[in-house]
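Asker: One letter stands for each residue in the lines below.
2 protein chains.
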Amino acid sequence: MERIPILKMGPYLLVTIQVDMHDRVAMALQDELTEQIVKQRARGVLLDISSVEVVDSFIGRMIGNIAAMSKVLDAETVVVGMRPAVAITLVELGMALPGVRTALNVDAGMTLLKTAGKVATNGRPAR
Amino acid sequence: MERIPILKMGPYLLVTIQVDMHDRVAMALQDELTEQIVKQRARGVLLDISSVEVVDSFIGRMIGNIAAMSKVLDAETVVVGMRPAVAITLVELGMALPGVRTALNVDAGMTLLKTAGKVATNGRPAR
Numbered sequence: 001m002e003r004i005p006i007l008k009m010g011p012y013l014l015v016t017i018q019v020d021m022h023d024r025v026a027m028a029l030q031d032e033l034t035e036q037i038v039k040q041r042a043r044g045v046l047l048d049i050s051s052v053e054v055v056d057s058f059i060g061r062m063i064g065n066i067a068a069m070s071k072v073l074d075a076e077t078v079v080v081g082m083r084p085a086v087a088i089t090l091v092e093l094g095m096a097l098p099g100v101r102t103a104l105n106v107d108a109g110m111t112l113l114k115t116a117g118k119v120a121t122n123g124r125p126a127r
Numbered sequence: 001m002e003r004i005p006i007l008k009m010g011p012y013l014l015v016t017i018q019v020d021m022h023d024r025v026a027m028a029l030q031d032e033l034t035e036q037i038v039k040q041r042a043r044g045v046l047l048d049i050s051s052v053e054v055v056d057s058f059i060g061r062m063i064g065n066i067a068a069m070s071k072v073l074d075a076e077t078v079v080v081g082m083r084p085a086v087a088i089t090l091v092e093l094g095m096a097l098p099g100v101r102t103a104l105n106v107d108a109g110m111t112l113l114k115t116a117g118k119v120a121t122n123g124r125p126a127r
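One line per chain: the protein sequences are S and H, in this order.
Take 1 as the starting number for the first sequence in UniProt numbering and just add one per residue.
Take 1 as the starting number for the second sequence in UniProt numbering and just add one per residue.
Heads up, some of the hints might be wrong.
As the list claims (entries may be wrong) - Within a straight-line C-alpha distance of at most 35 Å, the following computed DSBU-like cross-link-like pairs (lysine-lysine) qualify:
{"#": "1", "chain 1": "H", "residue 1": "K71", "chain 2": "S", "residue 2": "K8"}
{"#": "2", "chain 1": "H", "residue 1": "K114", "chain 2": "S", "residue 2": "K39"}
{"#": "3", "chain 1": "S", "residue 1": "K114", "chain 2": "H", "residue 2": "K8"}
{"#": "4", "chain 1": "S", "residue 1": "K114", "chain 2": "H", "residue 2": "K71"}
{"#": "5", "chain 1": "S", "residue 1": "K8", "chain 2": "H", "residue 2": "K114"}
{"#": "6", "chain 1": "S", "residue 1": "K71", "chain 2": "H", "residue 2": "K71"}
{"#": "7", "chain 1": "S", "residue 1": "K114", "chain 2": "H", "residue 2": "K114"}
Calculated from the structure, these hints are not laboratory results.
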């Protein structure tokens, strides 16, 4: 059951990370997520890491990569549910996730995406 | 990382099952979910099983239990993302989940909960 589901919620995609992120799982997630962003014409990605208790440079890099990939596909990424210990570790590892937005929980993240969408759509073509 | 996160989305809770359901994980989920329903005053529970490829009588019973527990706490449960093979197995096991609503995906489940909420609130006290 080593597959991270991508849930469509209106114009956004929700990814909840529960399993340990091996290379293979992370690669599969990146592939599927980018595919789904295009297929579903998603405007944003919510990445829930509330179950992630321990983080290393691999996971940190993966979060950064997902955000960067979504960005070039014109979808905003918001990381939600980060635990305090994870925030401490990320900064200590020198991975403060520049350019990645964060929110306390899914509700707040959703609000952030909705607000960002309204501002960002000015001047770019609707789809 | 053997913990299933419960995400609050407005008046609903979303549970995505990704990990194998051992006894301990299932019990912890039941405990936490019932606690969260009360704490967050949730009106409904979305149980996403799109990552569940194989189902047995234990998981079938657990889904039934979660729905029954939510019901007595006045929250509606909708099971979303069931794979065809899982549906076949559940029926073959004689567990057709009576009383549990299902929907194709999270979006459809959310719509179902919203509609159900409107109908069901007639005649029962607001909270």
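Asker: If a hint holds in the structure, say so; if it does not, say that too.
Answerer: Comparing the hints with the structure gives:
1. For the given pair, H:K71 sits about 26 Å from S:K8 by alpha-carbon distance, which is consistent with the 35 Å threshold.
2. A threshold of 35 Å between alpha carbons decides the hint, and for H:K114 with S:K39 the separation of about 26 Å falls inside it, so the pair holds.
3. The suggested pairing of S:K114 with H:K8 holds, with an alpha-carbon distance near 17 Å, which does not exceed 35 Å.
4. Using a Cα cut-off of 35 Å, the hinted pair S:K114 and H:K71 holds, with the two alpha carbons roughly 32 Å apart.
5. Taken as a hint, the S:K8 and H:K114 pair is honoured in the structure, with Cα atoms around 17 Å apart against an allowance of 35 Å.
6. With a C-alpha separation of about 41 Å, the suggested pair S:K71 and H:K71 falls outside the 35 Å cut-off, and the hint is violated.
7. Taking the CA atoms of S:K114 and H:K114, the gap is about 20 Å. The hint holds against a cut of 35 Å.
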